[in-house]
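**Student:** Can you build the whole structure from these sequences, using the hints too?
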Amino acid sequence: MATSKAVILVGGPSRGTRFRPLSLDLPKPLFDVAGHPIIWHNLKALAKTPGIKEVILIGYYDESVFAPYIKWWSLDYPQFSIKYLREYQALGTAGGLYHFRDVILKGNPSTLFVLNADVCCSFPLSSMLELFEEKQAEAVILGTKVSVEAASNFGCIVADPETKRVRHYVEKPETHISNLINCGVYLFSASIFDVIRDGMARKADKLAANPALEHEDDQEALRLEQDVLGELSERSKFFVYETRDFWRQIKTAGSAVPANALYLQQAYQSGATELAQPGPNIVAPVYIHPSAHVDPTAKLGPNVSIGERAVIGAGARIKESIILQDAEIKHDACILYSIIGWGSRVGAWARVEGSPVAATEHSTSTVKNGVKVQSVTILAKDCTVADEVRVQNCVCLPYKELKRDVVNEVIM
Amino acid sequence: MKALILVGGFGTRLRPLTLTLPKPLVEFANKPMILHQIEALAKAGVTDIVLAVNYQPEVMVSVLKKYEELYNVRITFSVEHEPLGTAGPLKLAEKILGKNDDPFFVLNSDVICDYPFDALAKFHKAHGQEGTIVVTKVEEPSKYGVVVHKPGHASRIDRFVEKPVEFVGNRINAGIYILNPTILKRIELRPTSIESEIFPAICADGELHSFDLEGFWMDVGQPKDFLTGTCLYLSSLAKKGGKELTPAGEEHPYVYGGNVLIDPSAKIGKNCRIGPNVVIGPGVTVGDGARLQRCVLLKNSKVKDHAWVKSTIVGWNSTVGRWARLENVTVLGDDVTVGDEIYVNGGSVLPHKTIKTNIEVPAIVM
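Protein sequence lines correspond, in order, to chains A and B.
Counting with our numbering, you get residues 1 to 412 for the letters of the first sequence.
Counting with our numbering, you get residues 1001 to 1366 for the letters of the second sequence.
Any given hint might turn out to be false.
[As the list claims (entries may be wrong)] The calculated lysine to any residue pairs, modelled on SDA-like cross-linking and capped at a C-alpha distance of 25 Å, are:
1) B/K1310 with A/R165
2) B/K1224 with A/P280
3) A/K372 with B/K1356
4) B/K1356 with A/P356
5) B/K1143 with B/E1162
6) A/K330 with B/G1258
7) B/K1270 with A/P280
8) B/K1270 with A/V311
9) B/K1353 with A/S355
10) B/K1224 with A/E388
11) B/K1356 with A/E388
12) A/K403 with A/E388
13) B/K1270 with A/D295
14) A/K330 with B/K1270
15) B/K1310 with A/A314
16) A/K403 with B/N1328
17) A/K368 with B/A1044
18) B/K1095 with B/A1044
19) A/K330 with B/P1276
20) A/K403 with B/N1345
21) B/K1304 with A/G279
22) B/K1304 with A/D405
23) B/K1356 with A/V389
24) B/K1302 with A/V389
25) B/K1243 with B/N1100
26) B/K1125 with B/K1143
27) B/K1356 with A/E361
28) A/K251 with A/S236
29) A/K403 with B/G1258
30) A/K330 with B/G1339
31) B/K1304 with A/E361
32) A/K330 with B/N1328
33) B/K1304 with A/S355
34) B/K1356 with A/P302
35) B/K1356 with A/N408
36) B/K1310 with A/D76
37) B/K1304 with A/P302
38) A/K330 with B/E1162
39) A/K381 with A/Y69
40) A/K106 with A/A67
Keep in mind the hints are simulated off the structure, nothing from the lab.
**Tutor:** And the structure:
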C-alpha cells in the first residue's frame, strides 16, 4: 500500500486572536471540545485513514507547548509518529509546508494530507483518498455547501458537477461565485511543492515589479488559500470531494460550543463508550471527565462537556456548554450556551447564559437591540460569578469577579 | 360607626391579576386586600360598611356576604352608574353615611398601612371639627399633593400644594379620612374630586385637620408597589413580633433573612432558600432547591425545582419551570406556565399563557 503523511497546520500565538479570551491561557489547537483538544479530533480521523505513517504539526508556537501532548497522543495513536516543526517566522500555510519540504518528503510518501487545525468536521479522509486514486489526481480539496450569504466568508470552489474537477478557486470573493467552499482539508501529491515554488517565484516577481507592495502585511508569507489554490485549479488535476457531513470552523472562542456539540453528537452516534450514560438527569450526548465530580441531582445535556476535576453541585443545570478543568458550578446554578473557563467558579443560583447558535450558521455573534453581541457567554480562566448573579451574552477576560448582573458586555 | 371604601373600577393598574379577580379580592399577604380594611374597621367598632364600586361582579357579592357574618358588619354595595370621582360616591351613599350624626371613615381601597381607626376617631372627636385627613411623611413630596398647616398650628390644614416644586412640607394625603356627615351638604351628586374640590372648601372654613400616620403606608394599586407594599407589611408584622411569619431555624431551615409568610397548606421542597420578603399562598408547591425572594406566590401556584424568583408575583395556578429565572416585577396572571430554564425579565403575562422563550426586556405577553 502507498504510504501517506499528514500535516496539521496549527498556527501560532499571534494568530487565533479571535479565539480570545480563551487563547490567552491556552493555544487554540489544545482547547478541549467534546473532552479532547481540537487537534486530537484531527489525529483521530487520521488514525482511521489507512497508510498514514507520520503526522507533522507545523506552527510557530514554542516547542514546549506541544511536547507533552505529543507524548500522550503517541500513546493514543501508535499507528503513526507525531512530530512538531516550528517556524521561526510566520511563513504562511504554503510557505511553512515548503520550508519543511525535505522533512515532509522524507521516505517518499505518495500522498500528503494537509489539515487546518481549526476545522471541526467528520474528516472523510478515506473518501478523499479514494477520489484521489480514482481520478489519479494531484490534489483533492474537501468542500462543503453553505448558504449563499455565508459563502463569501470562505474560499469558494467552482467545480464541474460531473467530473468534480476544480475549475476555479477564489478566496473570500466579493461577489457570489459558488456556495461550495473550502473546508481547509487537502490531499496533495508531492507535486504540490512545485506549485508552491512557482507561486513563490511569482510573488517575488510581483514584488520586484512593484516595490511599494513590500510593506504590506505578510508579504513574505505564502498562503495556500490566496497564493496556491487558484493556480492549482488552472494547471493541475485538482478535484473536490464534497462532504455532506457536519463542518464548521473553530475561529472565535464561541464557535467551540457548536464544535463541541458536533463532535459529541458524532461520538454519540458512533456509540463511543467514553460518553456519560443517558438517564433522567443526563440528556445525551454528554462527556464527563472521569475525575470530575457531578452531583447526581444535577441535570446535564444535551451537548455538554465537563472537564478534569470540575465540580458540579446539587441541582445545577448545564446545557449546550463546555465546563473546563477545575471549574466549579455551585448548587442550583444554571449554565446555558456558555464556556466556563479553567478554575472559574459559578455561584449558587447564578445563571450564565448565551443564545442558541444553529450548527448550520457560521457566525457566533447575534444582533440584540441593534447591537452586535457574542452569542455564547464565555468566562475565561479563574473568573468568579457570585451567587444568584446573572450573566448573559458576555465575554469575560481572565481573573474577573462578577458580582452584579451583566448583559451584552465584554468585561476587561 | 360607618365607613365607605372607595373601590372604584376595574383595577386596570393591577392587571393581569385583575383580569381574573376584582382588585379588592386579590390577596395581599394571603388575605384579600379589602379584608385587611374590613377587619381593621370592624375592630374599631364600625358596623356599616359601604363599598363604592363602578361595577359589581357576582364573585365580590358572594365573598363579602361571607365576611358580613364573619365580622358581624353590614356591607352595602353602592354602585355608580357613571364614575363619580372620589367625592360623588359619598353623596350617593348619603342614606347610610348620613343616617346619624356620628362621623364616618372614608378610605381608598388601594392603601395598605397600620390602619389607625381608633386613634383617628378619638383625635377627630377631640378637635370636634368637620374633617380629619390621615397624612403620611414621604421622602419625595414633589410627586404628591402636600398638606400645609396653618402657621403655629400642629394639625389644622391651611392648604394643599399639588406637586410642589419647592419644599413646603413632606406630609401627604394618605387616602384615609374621618368626616362628619355635615360634609355631605358640600357634595353634589356629580363627578367630584374630594381632594381638589371638597377639602379646599373645608380648609377655607378652618374645619380640616391632619392626623399623622405611624409606620408604613403604601398605595398598592400596581404590581411594583404591590411588591413594595408587601415588603413593608411583612416588616411591620416582624416588628410587631407577629406569629403569622415563619421563623427561621431548624424547623424551617429554608427561611432566609426573615419576613416570610407561608400558608400552612403550602409545601416546600428540600434545600430551598426563601426570603427575605416572601408570601406563599395556600396550596402552593415549591420544589427542591428553589430560591425565592421579594415575591408573592398566589394560591395553588407551583415553583418547580431550582427556579429563582425575585420581585415577581406568581398568579393563581401558575407554574414556574425548573431552573427558570423570574425578576424585575414580573407578573404572571392566572394559570400561566413558564417553561424550564426560561428567563423572564419584567414580563407581564396574561392568564392561560405558556412562555417558552426568554423575555429579556420587560414586555406584556397577551
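**Student:** Would the hint linking A/K106 and A/A67 be met if the CA-CA limit is 25 Å?
**Tutor:** Holds - the C-alpha atoms of A/A67 and A/K106 are around 22 Å apart, at most 25 Å.
**Student:** Is it true that the CA of A/K251 sits at most 25 Å from the CA of A/S236?
**Tutor:** violated, 30 Å
**Student:** For the pair we were handed, B/K1356 and A/P302, check the Cα-Cα distance against 25 Å.
**Tutor:** Roughly 18 Å between the alpha carbons, so the hint for B/K1356 and A/P302 holds.
**Student:** Are B/K1125 and B/K1143 close enough, with their CA atoms no more than 25 Å apart?
**Tutor:** Cα-Cα ~31 Å, so violated.
**Student:** Are the Cα atoms of A/K330 and B/E1162 separated by 25 Å or less?
**Tutor:** violated, 52 Å
**Student:** For the pair supplied as a hint, A/K330 and B/K1270, is the alpha-carbon distance within the 25 Å limit?
**Tutor:** holds, 16 Å
**Student:** Check the hint pairing A/K368 with B/A1044 against an upper bound of 25 Å on the C-alpha distance.
**Tutor:** violated, 57 Å
**Student:** Hinted pair, alpha-carbon criterion (25 Å max): B/K1310, A/D76. Please report holds or violated.
**Tutor:** violated, 50 Å
**Student:** Does the alpha-carbon distance linking A/K330 and B/P1276 stay inside the 25 Å limit?
**Tutor:** holds, 21 Å
**Student:** Do the alpha carbons of B/K1270 and A/P280 lie within 25 Å of each other, as the hint requires?
**Tutor:** Since the Cα atoms of B/K1270 and A/P280 sit roughly 19 Å apart, the hinted pair holds (cutoff 25 Å).
**Student:** Against the 25 Å threshold, does the CA-CA distance of A/K403 and B/G1258 hold or violate the hint?
**Tutor:** At roughly 23 Å apart (the allowed maximum being 25 Å), B/G1258 and A/K403 satisfy the hint.
**Student:** With the threshold set at 25 Å, check whether the alpha-carbon distance from B/K1224 to A/E388 stays at or below it.
**Tutor:** Distance ~21 Å between B/K1224 and A/E388 Cα, so the pair holds.
Of the numbered hints listed earlier, those contradicted by the structure are 1, 2, 17, 25, 26, 28, 31, 36, 38.
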